[in-house]
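Undergrad: Residue numbers (our numbering), protein chains in the order written: chain A, 1 to 502; chain B, 1 to 100; chain C, 1 to 416; chain D, 1 to 636; chain E, 1 to 192.
No lab work stands behind these hints: they were computed from the structure. Incorrect hints may appear among the rest.
[What the hints assert, rightly or not] Straight line, CA to CA, 25 Å or less: simulated BS3-like cross-link-like pairs of lysine-lysine: (1) E/K131 <-> A/K110; (2) D/K401 <-> D/K190; (3) C/K83 <-> E/K115; (4) E/K115 <-> E/K131; (5) D/K401 <-> D/K483; (6) E/K32 <-> C/K87; (7) A/K110 <-> E/K37; (8) E/K58 <-> E/K131; (9) E/K58 <-> C/K87; (10) E/K131 <-> E/K91; (11) E/K58 <-> C/K357; (12) E/K91 <-> C/K380; (13) D/K136 <-> D/K190; (14) C/K83 <-> E/K37; (15) E/K37 <-> C/K87; (16) C/K83 <-> E/K91; (17) E/K115 <-> C/K357.
This structure is a prediction, so every number in the text was calculated from the model and none was measured.
Chain by chain, the residues run as shown.
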Amino acid sequence: MTNSQSLHALLPVLIVGITGILVMIAEPCMSWWWQDRRAPSRWLSSSLSLIGIGLAACYAVAQINAYARNIYAFNGALVIDHFSLSVSLVLLTSAALAVLLAMNYLEEHKLNLGEYYALILFSTVGGMLMAMANDLIVLFVALETLSLALYVMAGFLRTSARSEEAALKYFLLGAFAAGFFLYGTALIYGGSAQAAGMGGTTSLSEIAFRLQHGEPTFLLMAGMALVLIGLGFKAALVPFHMWTPDVYEGAPTSASAYMACTAKVAAFAALLRFLWVMAPAHAFWIGAVEIIAVLSMFVGNLLAITQENVKRMLAYSSIAHAGYLTTALAAITSTSAQGAAFSAALFYLLAYTLMTMGAFGVLVYLSRRGHDCQTLTDLRGIVQREPIAAYLLAIFMLSLGGIPPTMGFVGKWLLFVATLQAGLPGLAIALALASLIAAYYYLRVIWAACFQEPLEAAPASSEPLPTWATASICISAVFTLLLGIVPVFVNTLMTAGRSMFR
Amino acid sequence: MVPTSYYLVLSALLFIIGTAGVLVRRNPIQIFMCVELMLNAANIAFVALGRHFGQINGQMYAIFSLAVAAAEVSVGLGIIVAIFRLRETINIDEVNLLKQ
Amino acid sequence: MTTQAGLLQKWYNLFIFPEYWHGIHLPSLVPYLGLVGILAFALGMLPFLIWIERVVVALMQDRIGPNRVGPRGLMQPAADVIKLFFKEDIRPRDVDRFLYFLAPFLSMTIAISAGAVLPWGSIAFRDAAGRVFLVPITAGNINVALLYALAMSSLSVYGLVLAGWSSNNKYSLLGGLRASAQVISYELAMGVALLCVVLLAGSLNLGQIVEAQNQLPFGWHLPALFKGSLFSWFWLQSLVVPVVIYTIAMVAETNRPPFDLPEAESELVAGYHTEYSAMKFATFFAAEYINMLLISGLNATIFWGGWLPPFNCVPFTLIPGFVWFGIKIMMGIYLYVWLRASLPRLRYDALMQLGWKRMLPIGLIWLFLLGGYSLLRTPKTGTALPAPTPSIVPTPPTPRHSIQFMPISARQGGGK
Amino acid sequence: MQPISGLLSALIFLPVLESIIIMLLPRPGTEQKEGQLGPGGFDFARDLLVNSALLFTTINLLLAIVLFGAYHPNPLALPVRGLGPVMQFRERLNWIPLGGGHWVEYHLGVDGISILLILLTNLVILVSAVYASQAKRGAREMVALLLLLEGGLIGAYSALDLVLFYLFYEATLIPTYLIVGQYGGPERGKAAIKFFLYTFLGSVLMLVAIAAIYHYTGTFDILALSNPNSAAFAALHRLSPHLLMLLFGAFALAFAIKTPLFPFHTWLPDAYVEAPAVGSVALVLLKTGVYGFVRICLLIFSAQINQLAPFFIVLGIIGIVYGAIVASIQNDAKRLVAYSSVSHMGFVVVGIFSLTRIGLMGALLANLSHGLTTPLLFLGLGMLEERCGTRLFRDLGGLRKVMPTLATLLLIGTFSSMAVPFFSGFVGEFPVLLGSWISSQTATVGNFWPTAVAGTGMIFSAVYILWWYQRLMLGPLPETYRKLPDLGRYEWPVLVPLAALIFWLGIGTHYWVRPMSLPVEQTIPASSEAVRDDLPVATLLNQQWIEETYQAHREHGTIRLAPTGIPTHFPPGVHPPSSMMPPGGRIPAGLSPNPQRRSVPQGLPFSNSRFSRPMVSPPKTPRATTPAVPSGGNAK
Amino acid sequence: MDSYIPVFVMIVIGALIAFVMVFGSALLGPKKPGAVKASPYECGMTPVGSARERFPIKFYLVAMIFIVFDVETIFLYPWAVNYRHLPYALKAFNYIEMVIFVAILFAGYLYILGKGALDWGEEEAVAEALKRDPIVLAPRPAIRFGNENSGPVDLEKIPVGPRVPVYGASAQELCQPLEQTTVRLLPTGEER
């Protein structure tokens, strides 16, 4: 694999990254050349971003079709296989939807800065690299690329103390997690030398090879635990979830939507690859992962029940969704269920992205004139004012609750089957029971939005429709339903899941 | 020659101190410094292990993590400054608009 | 037992049993020669330097200057030191006591230790096999000498910031802040200028950098006269721009006029050392001058050929290398004084603009122009260029392998 | 008649499409003139809505009628018992891959039981959509949701894959939930959520059970699982009785909540009462609970059914009596009807668990009757409430004088509800009592007590429903109601078809019984002790037989255990059971190890001896030369 | 490590010299402390408020930007050291890679420039930015020196030693008129 071939294989990431740079400097350059910063920047930045994302997505699709085998780029630091390309596509989807949402949100909040789009693109680059990383150090750098952009996005509402507070909390805990991750990597580097004279390595495929042919060392396992903690923070799994509600509540809604999806998708892509590598030593960690899964599901769901703030509720629900996804992590230990677990996790990640983007997107849609629509009270009776938004919200809530015929159901069902195939019936039953609890609070949102009377008389809605946010929500909704009824991607994802074992 | 295990013990101690500091401290800057301590503990471990194995990788990784830490510093200080300008305090206990 | 540590032990023997002089490993002693020499030069030149500055400034301003204490006022610095030693050491209210004392201490320590890597000459040794080793005379003949120098020049700002912060004085604080912002701003430009040199020399060892200048300019075929001459030094090889950048950055790094904003007396009383008195003030003062000496020394080493004579012919080669080195340093010092006497102080925004918007991008672009130039001059065939200066070894071989070392003249047959 | 391919899919997805179209129509205005019913003035949007609702639902009903007409009541002209139901109009596609060659299938098919429910659904949705399109608030949305509900219900009635069934089962929840929650009474939100959560609790457990069944058998195919000869059935019934009982319990809980059966009925009064009239109708239409009992529980868990039938019968009887008594003491007209539903559904459950042909047939008829009668009552009450603004008995009375037509139509509903002969209620409830009588002769409940106690329910129903009618329609008319109008232009067509059908079901019962008789025959578990004596093909399905079958599969080495120990191959002597044959005789790859066996006709077991010994004796010579006759699974 | 030992020796010698210089006059000089002598020197005015005050954001900004560029320099050094010794093909590749690296950095640099992070002409920049975007670039709080809200000098904080003649007024004399104000303002426990 020469360098130019590696670069070629990495082209989707490069396209997104270069677009990010262009978007970043476009605005200052405009202020120099045309002495006008405000007017065209929104169009320039967002359309540039969308073009970049679209190009990258096209290229990724082309690669999926073109590459019959895994590409190990840059001396095996990155692996471009169907799995990473599929995750990249999910990430690009969420980025595109987030760009659409941001176009309206930022304008409503008088915050029309091109950096936001650049940050979206940079964090997407980080996420895509996380999915492709075949080396723990690359994973670390990618993780930080993702996180740093997200920290800034969380604090993007500079005049809001809540936004800044969210950014601070996210940043401190994220940096803490990064410390764990890096130290774990160091320990793995030391622990991967199973015998004297064998050098240390951080390459995941090398570690996998060594684990298949030798005993795991203590240092390796300790490092694995620390890396797990680090990634668990990013994925908001339960003992490491404290930041999630505060951050999602405080951050600008469009940023909450984006970070809820991207961070989780990327973290789970990394977790899947990492734990698959560690699967030969699963006796050490399977118990912990199971406990984390069950705790995440139940703690997330139970805490979500009492929330009045929808963003906060969605945050807790995202913890629960992380718990559902963790069952797939537990399931990859069984050789017979690996393929099913990977494809289930991939499908669920796509589902999660679409429905969370949609749910937050409806909040963005309803946030007009700088007022954030956040609480159940804000949502009361919006069906009379904004029937489309209310019904779309209902679709997303039902999908989040895993109720057919939506994508959420199919995803949950696939996870469920994978868990059973892996011989973990306890987890499967916990999954079912947790989604039962979840139904309650999702229904509360529908109740507030569709069933309750609004507090004040519905004002005549003469404002122009937030076009782009509407487009974003509608895309999410259509796919949530369509893929819930005809899950055509599953087969592709199965191939993607299997690509890991080639 | 100092045995590698000494370095590892040192790095573990630093890491534990950093972790404890993050959990105990109330000033974000102090917390942040503790996080840097954790990262540097990892760097020490990397360099020591790289030397132990006779590989250049360890030192290379340390430089990577330095770069990342620098980026983190920039972002972190920016956030802390922003919150101080809004709230006139950066004490974690007083920064509690978002209910726990 | 390592060589140097063994030497430390042997010193004890040297004093008691002179017969041990016989088997001493002389190359290992060279660093201590370098240490003593640079220390003596720095501390010895310090009072003289103050005198020079006063006299030169006075001349430029058409006045007399110091003329009372000693011949031509030469003893004036000594008198100042004695006076300062016997002044009251005031400790202002509410200072952070530890940091308040630490600041001057740190400034001085760092200023002196920065000199550890400056080579001020070279000695050639020949081993039993007849190979010649050129050893630079410096305390720290280390691989990362340039990084060390850079690190020390960055660390020096700690003294100023801590002084400003601990003094409990608003002027001091602002002075310290200005100093830190200024130093870090110019450090980038300085670093980029140094990078140009590193790119040309291919080494961070200052001895090797000097030796890399000891060749025919641009590889042209010229008479031996020009080998290592004025024209092959890096000021010209790097095509002048980095020298200019470095020289400006050097003045700014030492907070000297016209970049003396941290201690601008018209705005900030005395900046970061407003609250310091007696010898603590003198410590800052001395540290600044030592910094000037050493940064000029670095300038001389990396751009102006270090200990090399300007031409490789008789009248110049007769003069020892350290004299040439001293002359180059003093020219730097003269430049400092000249600038102080000639230029008004910069406004702060102009200062930052110069550093960030002019010198940094120009330096970076220049670095890549040099890289491209170097690439163009590389032959397209062949595996690799030879090591830059094979005659210089960073650390001489240990006595275990070669005991018979004979000191020979530095410039006779040394190197290729 | 040839099956029309795609007809079922059209029936399912056409309403969904129509619902989207309806949602895209302009929203009708809400202005209304003083003292006027229905829309005021010219409202193009409302006319458009009414007409399109009528048009769409009529198209759907016509399709359902085509389905009914094309349906063959007994394609093989044989009483095929013990092999599970025979399905027609089958559609089978792979849908969600599960790895290892396993799929969640899009597998549809109907028998008589389903078809009548589909017809009922289409008809009632038609009338209620017409009614809903007149609503002052949310007319457009209600019609759209009703159409969605229609699609979901038809899907649930025709799904032959457990996951597909679950999916449609859940999908029906959403429109109902939205209708109840948005357009009901003051406590509608709470009631809707209560309804949703109760049902969802049950269905989640059902999902667990479905997954477990897949885990143990490797298939979701309802037909395979209902066929005692299939490997899937054998694999399932090899499990420990405790586990099977748990699985059955999960299904039964889901269906009991949905039906609703006595202790799980508490969501019902709230939801029925708080819902708008259309919502109540929608809730009544949710017959998926009963259907699930019949389609899934009876055959898949035949042994458990046999064990637990008395228990369910007791619960059903309690429901009958309890519902009737509670209904008698209500002061709210709608709540009374709601509780009467508990009572009626109690009859249905008793009929199903009598495990006799007559009882099951009665239960299904009672189910249909309830699906016609209660909508009539609810819609009529809705019209009443619209006029009077109240449902409380103390404010009402004597309305017969101002609205004679409504009174007459409601009287038909009343009679049907109290099971007067020639009305639909009677033809449902009387066979149920008969069936319970037969079954109590063999079961442990005891001689005549079940029948006797259930019979009191009929007496109670006469008490409460007549009293209900009296308090509404008879007696003095309050002055305020003196000017109330009778049925309007759009209200006639709502109530009259229902009333007519009640008569038709009560009088022309044989039209309804004929398509169901064979399915009922096939749906009674072969192990049902109650029908063993009076049916020639009765057989005893016991644990020993299951063990032997399973071992035979193992010995022939054709059982594939990956990934979860699923037997999908059949020993040479055992043919793929009819219910597993896809339409067109195509055997899915991997199902039959021997391609020659494809044309082997299905030997139909219609002798006792066939069932009394294990079905593993392999014929030495393959009867490949025998001309192929259509296998039982599809009506060619 | 051998060649580092003289460097450490040099550092130790430097520290010794510094120690002697810092503490020399503390040993030799006279000691006559006084309250006014000990107060911070602010051009002769009575110092008010704390010296630990907020200072312009620009300093932070410069520090942050510096970190980024400094790290970039870290990556340039190994490249520069090895560049000269590489064969042509590798050299060309390294050159292009580093050009890309620095180009990305330059993009960031352009961004910083465009956003005005390196402009120190405060007033014009703020006025201009306010014209453009009144909300995002809200006026920064003024640079304060702490004397706006500070109350009277707290007498307890001034250590008053033995009455020695010092320059000008004594500490007590300086604070005399302020003392009454202080007593009036404080809701002390004696009043209750």
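Undergrad: If a hint holds in the structure, say so; if it doesn't, say that too.
TA: Outcome of the hint check:
1. E/K131 <-> A/K110: Roughly 14 Å separates the two Cα atoms, so the pair holds.
2. D/K401 <-> D/K190: 37 Å, violated
3. C/K83 <-> E/K115: Cα-Cα ~52 Å, so violated.
4. E/K115 <-> E/K131: Distance ~15 Å between E/K115 and E/K131 Cα, so the pair holds.
5. D/K401 <-> D/K483: 11 Å, holds
6. E/K32 <-> C/K87: 11 Å, holds
7. A/K110 <-> E/K37: 54 Å, violated
8. E/K58 <-> E/K131: Since the Cα atoms of E/K58 and E/K131 sit roughly 21 Å apart, the hinted pair holds (cutoff 25 Å).
9. E/K58 <-> C/K87: 38 Å, violated
10. E/K131 <-> E/K91: Distance of about 50 Å is beyond 25 Å: violated.
11. E/K58 <-> C/K357: 15 Å, holds
12. E/K91 <-> C/K380: Since the Cα atoms of E/K91 and C/K380 sit roughly 10 Å apart, the hinted pair holds (cutoff 25 Å).
13. D/K136 <-> D/K190: 22 Å, holds
14. C/K83 <-> E/K37: Cα-Cα ~19 Å, so holds.
15. E/K37 <-> C/K87: Holds, at roughly 14 Å.
16. C/K83 <-> E/K91: 60 Å, violated
17. E/K115 <-> C/K357: Within the cut-off at roughly 13 Å; holds.
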